[in-house]
Amino acid sequence: MKKVQFKGGIIPYLFVSPQIIIILVFFIWPSVMAVYYSFELQDAFGTSSQFVGFLNYQDVLGDKDYYNSLSFTLIFSTLVTLFSLGTGLYLAHKANEVIKGKGLYRTLFIWPYAIAPAVVGLIATFLFNESHGDLYHFLNQIGWKFDPKSDPFDAQVMLIFISSWKQVSVNFIFFLSGLQGIPRSIIEASKLDCKSDTRRFWSIIFPLLTPTTFFLLVTNITYAFFDTFGIIDTTTRGTPMGQTKTLAYKIYQDGFLGADVGGSSAQSVILMLFVLIITIFQFKYIEKRVHY
Amino acid sequence: MKKISFSSLFSHFILIIFALLFLVPIWVVLASSTHTPVTILRDGLQFWFGDNFINTYKSILFEHSGYTKNVTAFRMLINSLILGFGFAIGKVVISSMAAYAIVYFRFRMANFLFWLIFLTLLLPVEVRIVPSFEVLSKLNLLNSYTGLIVPLIASATGTFFFRQFYKSVPDEMLEAAKIDGANSWQFFIDILVPLSKTMMIALFIVMFIVGWNQYLWPIMMTTKPEYSTLLLGIKEIYQSNFEGTYLPEFNKAFAMTILALIVPVAIVIIFQRWFIKGLVDSEK
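For the record, the sequence lines run as chains A and B. In case it helps, my numbering puts the first sequence at residues 1 to 292. In case it helps, my numbering puts the second sequence at residues 1001 to 1284.
Calculated directly from the structure, the hints in this document are not laboratory data. Among these hints, one or two may not hold up.
[To be verified] Result set (SDA-like, lysine to any residue): computed pairs, CA atoms no more than 25 Å apart in a straight line: (1) A/K102 - B/S1011; (2) A/K2 - B/M1173; (3) B/K1197 - B/R1163; (4) B/K1224 - B/V1263; (5) A/K284 - B/W1115; (6) B/K1197 - A/I11; (7) B/K1167 - A/Q5; (8) B/K1138 - A/V25; (9) B/K1277 - A/L179; (10) A/K7 - B/M1173; (11) B/K1277 - A/V98; (12) A/K284 - B/S1168; (13) A/K94 - B/I1026; (14) B/K1167 - A/S17; (15) A/K149 - B/L1041; (16) A/K195 - A/N96; (17) A/K7 - B/W1185; (18) B/K1224 - A/A259; (19) B/K1277 - A/S177; (20) B/K1167 - A/F283; (21) B/K1277 - A/I221; (22) A/K100 - A/R184; (23) A/K100 - B/K1277; (24) A/K7 - B/A1182; (25) A/K191 - B/I1014; (26) A/K7 - B/W1115; (27) B/K1138 - B/K1224; (28) A/K102 - B/I1017; (29) A/K2 - B/D1190; (30) B/K1167 - B/A1110; (31) A/K149 - B/Q1239; (32) B/K1277 - B/I1201; (33) A/K102 - A/R184; (34) A/K94 - A/R200; (35) A/K149 - B/L1045; (36) A/K7 - B/I1189; (37) B/K1167 - B/T1120; (38) A/K149 - B/V1028.
Chain A extracted, bound-state conformation (with noise of 0.2 Å):
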């Protein structure tokens, strides 16, 4: 904090209170909602509740289904992740090398940021549908019998390449604004010294970008738990037979739509306590960054 500051008394807390009202009302109160509805039973018309303990974790936790949402939401963030990271690095590397053009190029790949998930997803509604999308007919033609709408798998590929197409762009923007940021006297340095570029690249340069690329992994994740959300609510919806549901998917699908009030909120208290640990994960990075 600074050496030099402002006596304390009132002022401090009028200038930080519209931020801790909201967060209090907007933020806490709904979560400590979450976690006393976690214990607690309704009945279908959510006229009356009884207090059941740990019921609505045993329930979640033996539930196959919940098993399910599990394992597709760990195996489709880790490959997103992988997609778009890897993508936006070899781009962004790529783009920093060109002499002509950078700019166009940047401005090429920064665009998708702005579109919303949703948007996305309904965009590849319509190309990858039966009757009058030509991705859905392309991919028929080169032999795949692609149908999402009944084959899982299908389903589960189409979501990763809409939702690793949408991220690229992020990953793109920081791996540039991070290559940009690698001194020109190391890079010229690092020419004399070694001839390979692919050699110069993975022994010199990717490791000066480790930072970026941690704080990208999280972002990532996050991403693919979170905002993947308006994606699959405009495409799957968590069809076919439940196979493309992400944890955040399934808590709106059970507590919003399917009114399972308890067995909702102990995903979401689940789903927090995850949350957590990443960000203690994160945060503990970032302050090792300080040295780096």
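With chain A fixed as given, assemble chain B onto it according to the hints.
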């Protein structure tokens, strides 16, 4: 020399292929939106412009018909703008204030409040959907702009962003201001805010896009069509196109899609440098 030019040619080739991978889907939607529904049904998606541009866009923007029975796309556009602006302004104002208190004041609860703000990172709206809905309905904020905007602006990213920046402001600034007899409010308004103008614009641009692109929150919060944003509007259009019984008017759905993405895309392209600064610096 020859080798260098070959490798750079290859780089350009790769970059162009990927650029097309991103451009073509949007291009197809844009081109198809200017055709008649019959053309699209008969011949599929179009790669070049048709002559129905004015008709399509005029009818979705200003006519209460078809899918947008209750509300025009123009109304939705206004709602999206309100959400984007309201969210971005709110975020810049409350987070710069909170960060000011945390960095420039010595007070007892500073640490605790900082952690409270940090906690919001743990609670994305997706994990507290049902109780959030109940809180909003208890406060009578469903179907209101307040309910749409205010709960979204509290998250921590903006506060971290300004905290980082204020920490980099030299201590001499405050010393000099104190010697001149400035109080804490004057120092904030007359010195810190003008100093952080660039940072504020950068954060504003990023947050406008985040606000405009909100999806789940408006779905829950609004049941009345007059509060629909473009994102909700196109969702309904696509659903009635694929599930409805009448002749699907895909051209209108596409035109709405273009409306929903053209504003944020234009902002990112025009304010590129600020946008990148806002994005990269706020995540540090």
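Verification of the hints:
Between the alpha carbons of A/K102 and B/S1011 the distance comes to roughly 11 Å, so the proposed pair stays at or under 25 Å and holds. Distance restraint check for A/K2 and B/M1173: the Cα-Cα separation of roughly 11 Å lies within the 25 Å cut-off, and the hinted pair is therefore satisfied. Proposed proximity of B/K1197 and B/R1163 is supported: the alpha carbons are some 14 Å apart, at most 25 Å. With a C-alpha separation of about 24 Å, the suggested pairing of B/K1224 with B/V1263 holds against the 25 Å cut-off.
Pair hint A/K284 plus B/W1115 holds up; C-alpha atoms about 15 Å apart against a cutoff of 25 Å. Our distance criterion of 25 Å between C-alpha atoms is met by B/K1197 and A/I11, whose separation comes to about 23 Å. Distance restraint check for B/K1167 and A/Q5: the Cα-Cα separation of roughly 12 Å lies within the 25 Å cut-off, and the hinted pair is therefore satisfied. Using a Cα cut-off of 25 Å, the hinted pair B/K1138 and A/V25 holds, with the two alpha carbons roughly 11 Å apart.
For a cut-off of 25 Å, the pair hint linking B/K1277 to A/L179 stands: about 15 Å separates their Cα positions. Taking the CA atoms of A/K7 and B/M1173, the gap is near 16 Å; set against the 25 Å cutoff, the hint holds. The straight-line distance between the Cα atoms of B/K1277 and A/V98 is roughly 22 Å, inside the 25 Å bound, and the hint therefore holds. Taking the CA atoms of A/K284 and B/S1168, the gap is about 22 Å. The hint holds against a cut of 25 Å.
Distance hint between A/K94 and B/I1026 is fulfilled; the C-alpha atoms sit about 24 Å from each other, no more than 25 Å. For the suggested pair B/K1167 and A/S17, the alpha carbons sit about 21 Å apart, so the restraint of at most 25 Å is met. Straight-line distance between C-alpha atoms of A/K149 and B/L1041 comes to about 21 Å, which keeps the hinted pair within the 25 Å bound. At most 25 Å may separate the alpha-carbon atoms for a hinted pair to count; A/K195 and A/N96 meet this at roughly 18 Å.
Only pairs whose Cα atoms come within 25 Å are accepted, and A/K7 paired with B/W1185 is accepted, the gap being roughly 13 Å. Of the pairs offered as hints, the one joining B/K1224 and A/A259 holds, with about 21 Å between alpha carbons and a cut-off of 25 Å not exceeded. Between B/K1277 and A/S177 the CA atoms are separated by roughly 9 Å; this keeps the pair inside 25 Å, and the hint holds. The suggested pairing of B/K1167 with A/F283 holds, with an alpha-carbon distance near 18 Å, which does not exceed 25 Å.
Under the criterion of a C-alpha separation no larger than 25 Å, the hint pairing B/K1277 with A/I221 is consistent with the structure, at around 22 Å. A C-alpha spacing of about 18 Å is found between A/K100 and A/R184, which places the hinted pair at or below 25 Å, so the restraint holds. Using a Cα cut-off of 25 Å, the hinted pair A/K100 and B/K1277 holds, with the two alpha carbons roughly 23 Å apart. Between A/K7 and B/A1182 the CA atoms are separated by roughly 13 Å; this keeps the pair inside 25 Å, and the hint holds.
Among the hinted pairs, A/K191 with B/I1014 is consistent with the structure: their alpha-carbon atoms are about 23 Å apart, no more than 25 Å. Between the alpha carbons of A/K7 and B/W1115 the distance comes to roughly 21 Å, so the proposed pair stays at or under 25 Å and holds. This hinted pair checks out: B/K1138 and B/K1224 have alpha carbons roughly 18 Å apart, not beyond 25 Å. Between A/K102 and B/I1017 the alpha-carbon distance is near 15 Å, which keeps this suggested pair within the 25 Å criterion.
Between the alpha carbons of A/K2 and B/D1190 the distance comes to roughly 19 Å, so the proposed pair stays at or under 25 Å and holds. Taking the CA atoms of B/K1167 and B/A1110, the gap is near 15 Å; set against the 25 Å cutoff, the hint holds. A distance of roughly 15 Å separates the Cα atoms of A/K149 and B/Q1239; the hinted pair therefore holds under the 25 Å criterion. The suggested pairing of B/K1277 with B/I1201 holds, with an alpha-carbon distance near 10 Å, which does not exceed 25 Å.
Taking the CA atoms of A/K102 and A/R184, the gap is about 16 Å. The hint holds against a cut of 25 Å. Of the pairs offered as hints, the one joining A/K94 and A/R200 holds, with about 14 Å between alpha carbons and a cut-off of 25 Å not exceeded. At most 25 Å may separate the alpha-carbon atoms for a hinted pair to count; A/K149 and B/L1045 meet this at roughly 21 Å. Distance restraint check for A/K7 and B/I1189: the Cα-Cα separation of roughly 18 Å lies within the 25 Å cut-off, and the hinted pair is therefore satisfied.
Between B/K1167 and B/T1120 the CA atoms are separated by roughly 22 Å; this keeps the pair inside 25 Å, and the hint holds. Taking the CA atoms of A/K149 and B/V1028, the gap is about 23 Å. The hint holds against a cut of 25 Å.
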